Amino acid sequence: MKVSITSGKAEGPTKLNAFDNALLDAGIGDVNLIKVSSILPTGAEIVELPRFPAGKMVNTVLSYVSSDQEGDQLCAVVAVAISDELGCVVEHSGINQDPERVKEEAIDMVKSMMQVRGLEIKDLMVKYQGHRVENQGAAVAAVVYLE
Amino acid sequence: MKVSITSGKAEGPTKLNAFDNALLDAGIGDVNLIKVSSILPTGAEIVELPRFPAGKMVNTVLSYVSSDQEGDQLCAVVAVAISDELGCVVEHSGINQDPERVKEEAIDMVKSMMQVRGLEIKDLMVKYQGHRVENQGAAVAAVVYLE
Amino acid sequence: MKVSITSGKAEGPTKLNAFDNALLDAGIGDVNLIKVSSILPTGAEIVELPRFPAGKMVNTVLSYVSSDQEGDQLCAVVAVAISDELGCVVEHSGINQDPERVKEEAIDMVKSMMQVRGLEIKDLMVKYQGHRVENQGAAVAAVVYLE
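Sequences listed follow chains V, D and X, in order.
All residue numbers for the first sequence refer to numbering that gives the first Met the number 0, where the first residue is 0 and numbers rise by one.
All residue numbers for the second sequence refer to numbering that gives the first Met the number 0, where the first residue is 0 and numbers rise by one.
All residue numbers for the third sequence refer to numbering that gives the first Met the number 0, where the first residue is 0 and numbers rise by one.
Mixed in with the good hints, there may be bad ones.
Unchecked claim - Ranges between beta-carbon positions, derived for each pair:
{"id": "1", "chain 1": "D", "residue 1": "Asp67", "chain 2": "V", "residue 2": "Asp97", "range": "36 to 44 angstroms"}
{"id": "2", "chain 1": "D", "residue 1": "Ile45", "chain 2": "V", "residue 2": "Leu145", "range": "23 to 31 angstroms"}
{"id": "3", "chain 1": "V", "residue 1": "Glu47", "chain 2": "D", "residue 2": "Pro52", "range": "36 to 44 angstroms"}
{"id": "4", "chain 1": "V", "residue 1": "Asp107", "chain 2": "D", "residue 2": "Met0", "range": "39 to 47 angstroms"}
{"id": "5", "chain 1": "V", "residue 1": "Glu133", "chain 2": "D", "residue 2": "Gln96", "range": "24 to 32 angstroms"}
{"id": "6", "chain 1": "D", "residue 1": "Lys55", "chain 2": "X", "residue 2": "Glu47", "range": "21 to 29 angstroms"}
{"id": "7", "chain 1": "D", "residue 1": "Gln68", "chain 2": "X", "residue 2": "Met124", "range": "27 to 35 angstroms"}
{"id": "8", "chain 1": "X", "residue 1": "Lys55", "chain 2": "V", "residue 2": "Val46", "range": "15 to 23 angstroms"}
{"id": "9", "chain 1": "X", "residue 1": "Asp122", "chain 2": "V", "residue 2": "Glu133", "range": "51 to 59 angstroms"}
{"id": "10", "chain 1": "X", "residue 1": "Glu47", "chain 2": "D", "residue 2": "Met0", "range": "33 to 41 angstroms"}
{"id": "11", "chain 1": "D", "residue 1": "Asp107", "chain 2": "V", "residue 2": "Thr41", "range": "43 to 51 angstroms"}
What the hints assert, rightly or not - Lysine-lysine pairs mimicking BS3-like chemistry, simulated, CA-CA at most 25 angstroms apart:
{"id": "12", "chain 1": "D", "residue 1": "Lys121", "chain 2": "V", "residue 2": "Lys55"}
{"id": "13", "chain 1": "X", "residue 1": "Lys34", "chain 2": "X", "residue 2": "Lys55"}
{"id": "14", "chain 1": "X", "residue 1": "Lys55", "chain 2": "V", "residue 2": "Lys121"}
{"id": "15", "chain 1": "D", "residue 1": "Lys110", "chain 2": "V", "residue 2": "Lys55"}
{"id": "16", "chain 1": "V", "residue 1": "Lys55", "chain 2": "D", "residue 2": "Lys126"}
{"id": "17", "chain 1": "X", "residue 1": "Lys55", "chain 2": "V", "residue 2": "Lys34"}
{"id": "18", "chain 1": "V", "residue 1": "Lys126", "chain 2": "X", "residue 2": "Lys14"}
{"id": "19", "chain 1": "V", "residue 1": "Lys34", "chain 2": "D", "residue 2": "Lys55"}
{"id": "20", "chain 1": "V", "residue 1": "Lys1", "chain 2": "X", "residue 2": "Lys34"}
{"id": "21", "chain 1": "V", "residue 1": "Lys14", "chain 2": "D", "residue 2": "Lys110"}
{"id": "22", "chain 1": "D", "residue 1": "Lys126", "chain 2": "V", "residue 2": "Lys14"}
{"id": "23", "chain 1": "X", "residue 1": "Lys55", "chain 2": "V", "residue 2": "Lys55"}
{"id": "24", "chain 1": "V", "residue 1": "Lys34", "chain 2": "X", "residue 2": "Lys1"}
{"id": "25", "chain 1": "X", "residue 1": "Lys34", "chain 2": "D", "residue 2": "Lys55"}
{"id": "26", "chain 1": "V", "residue 1": "Lys34", "chain 2": "X", "residue 2": "Lys14"}
{"id": "27", "chain 1": "X", "residue 1": "Lys55", "chain 2": "V", "residue 2": "Lys110"}
{"id": "28", "chain 1": "V", "residue 1": "Lys126", "chain 2": "X", "residue 2": "Lys55"}
To be verified - Where chain X lies over chain D, by a calculated footprint (3+ residues, C-beta under 8 angstroms):
{"id": "29", "stretch": "14-21"}
{"id": "30", "stretch": "26-34"}
{"id": "31", "stretch": "54-60"}
No wet-lab data here; the hints were simulated from the structure.
Note that the structure is a prediction, hence the values are computed from the model and not measured.
All residues carry an ideal CB built from backbone N, CA and C; glycine is no exception.
Work out the full structure, taking the sequences as your base and the hints as a guide.
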């Protein structure tokens with residue numbers, strides 16, 4: 000299986016539109032996202048995000064955060080750990096938290112998922128998306144499962 | 000892709016049963032709903048809701064609201080905008096809010112989704128479902144993706 | 000369609016890891032769960048949980064509860080009722096509630112789902128999972144749809 004990692008941020012006239020705009024910014028705004036939990040099959044390969052046909056059904060691990068409080072610092076993170084066998088994905092987010100801390104928490108969680116399965120981490124990637132809210136803002140980070 | 004728009008409302012002995020009964024009222028109570036986000040592919044066509052085989056997996060954009068406060072006025076809305084290219088769907092809901100206002104908010108949001116994508120709206124539909132709670136009530140509105 | 004009923008409980012260094020560990024304990028930790036609503040097709044058969052290939056997409060009705068309060072008594076329940084026609088599934092959970100009461104509520108809800116559809120219950124199963132939280136704990140109960 001191929002997967003892509005992406006993220007985006009945006010403002011919008013409503014929270015829903017800010018979310019939609021953040022998905023567009025991430026390159027996954029024109030598809031139908033189906034949320035899945037967090038395991039990559041053996042041999043998963045991380046590739047660049049493709050251009051999807053409009054309306055395609057796409058399985059996704061999604062981290063999402065939004066706010067309408069001016070000045071709020073949003074932060075959406077996904078962390079991916081890959082072994083020779085399966086891989087694990089964590090979604091994490093925060094508002095007005097130290098970005099480094101949120102990233103570290105995501106890394107710790109995905110490391111723990113691998114450790115409990117007895118898997119040796121060969122590759123570990125973190126995608127962080129920050130956004131400072133002006134009116135209605137959103138940030139997303141996602142691991143997208145491609146067929 | 001063909002899609003159907005539907006809605007329903009009901010009371011029930013528990014919130015879960017009220018929700019289930021509202022899905023039955025909407026004609027989607029005997030299937031498995033998989034929630035998806037909100038993009039219709041090019042050439043989407045809106046058709047009458049078919050009768051599904053029991054237990055079928057059905058991708059759905061679902062607006063859902065429930066309450067156990069007697070007298071609460073529930074309102075579930077979906078708005079669908081279609082262009083010559085893709086279409087957008089918004090789910091929205093409210094409790095004790097002006098139904099016209101909730102409908103307008105849904106329309107504004109879906110218009111904004113189309114505008115940000117540079118799409119000209121050819122057709123715009125809104126499905127509104129109100130319900131006044133007696134004991135445990137629920138209202139749903141849904142856009143159902145058919146194969 | 001074949002379905003399996005399972006449950007699990009665990010502690011973990013974070014709530015997310017406790018949830019992940021509870022899924023592992025339930026035998027569904029190495030797949031991607033897609034949450035669906037609650038109808039079994041005609042002729043559904045309950046079988047033992049198989050071993051899944053890592054990363055498989057698996058449709059699931061999931062009851063999930065977690066807490067970081069030491070001493071909290073978690074309880075996750077699924078109830079399944081089967082008729083000669085379709086079947087219904089309820090997910091239910093509680094914190095610090097009488098386990099018998101939570102089970103009975105789940106049974107009452109699934110009975111009500113069957114009654115409203117005019118279906119005679121041929122078989123009724125309840126899967127209960129309790130867990131007493133030490134630091135970060137989670138309990139899950141699930142009905143897994145097999146192909």
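- Task: Given that the stretch 14-21 of chain D was listed as covered by chain X, double-check it with a C-beta distance under 8 angstroms for 3 or more residues.
- Result: holds (count 4)
- Agreement of D/Lys121 and V/Lys55 with the hint, judged by alpha carbon distance not exceeding 25 angstroms: holds (21 angstroms)
- Query: D/Lys110 and V/Lys55: Cα distance at most 25 angstroms?
  - Reply: holds (21 angstroms)
- Task: Note whether the CB distance of D/Ile45 and V/Leu145 lies within 23 to 31 angstroms or breaks it.
- Result: holds (29 angstroms)
- Restraint status (C-alpha distance of V/Lys14 to D/Lys110 at most 25 angstroms): Between V/Lys14 and D/Lys110 the Cα gap is close to 14 angstroms, so the pair holds against 25 angstroms.
- Query: Okay, D/Lys55 versus X/Glu47 on CB: inside 21 to 29 angstroms?
  - Reply: Since D/Lys55 and X/Glu47 have Cβ atoms about 25 angstroms apart, the given range 21 to 29 angstroms holds.
- So the hint says 15 to 23 angstroms: do the beta-carbon atoms of X/Lys55 and V/Val46 match that? holds (21 angstroms)
- Could one say that the CB atoms of D/Gln68 and X/Met124 fall in the range 27 to 35 angstroms? holds (34 angstroms)
- Query: Does the structure keep X/Lys55 and V/Lys121 at a Cα separation of 25 angstroms or less?
  - Reply: Holds, because 21 angstroms separates the two Cα atoms, which is no more than 25 angstroms.
- Query: Are the Cα positions of V/Lys34 and D/Lys55 separated by 25 angstroms at most?
  - Reply: holds (19 angstroms)
- Proposed proximity, X/Lys55 with X/Lys34 (alpha carbon, max 25 angstroms): It holds: about 14 angstroms lies between the C-alpha atoms, which stays within 25 angstroms.
- Task: Given the hint of 36 to 44 angstroms, check if D/Asp67 and V/Asp97 actually sit that far apart at their C-beta atoms.
- Result: holds (40 angstroms)
In summary, the structure agrees with every hint in the numbered list given earlier.
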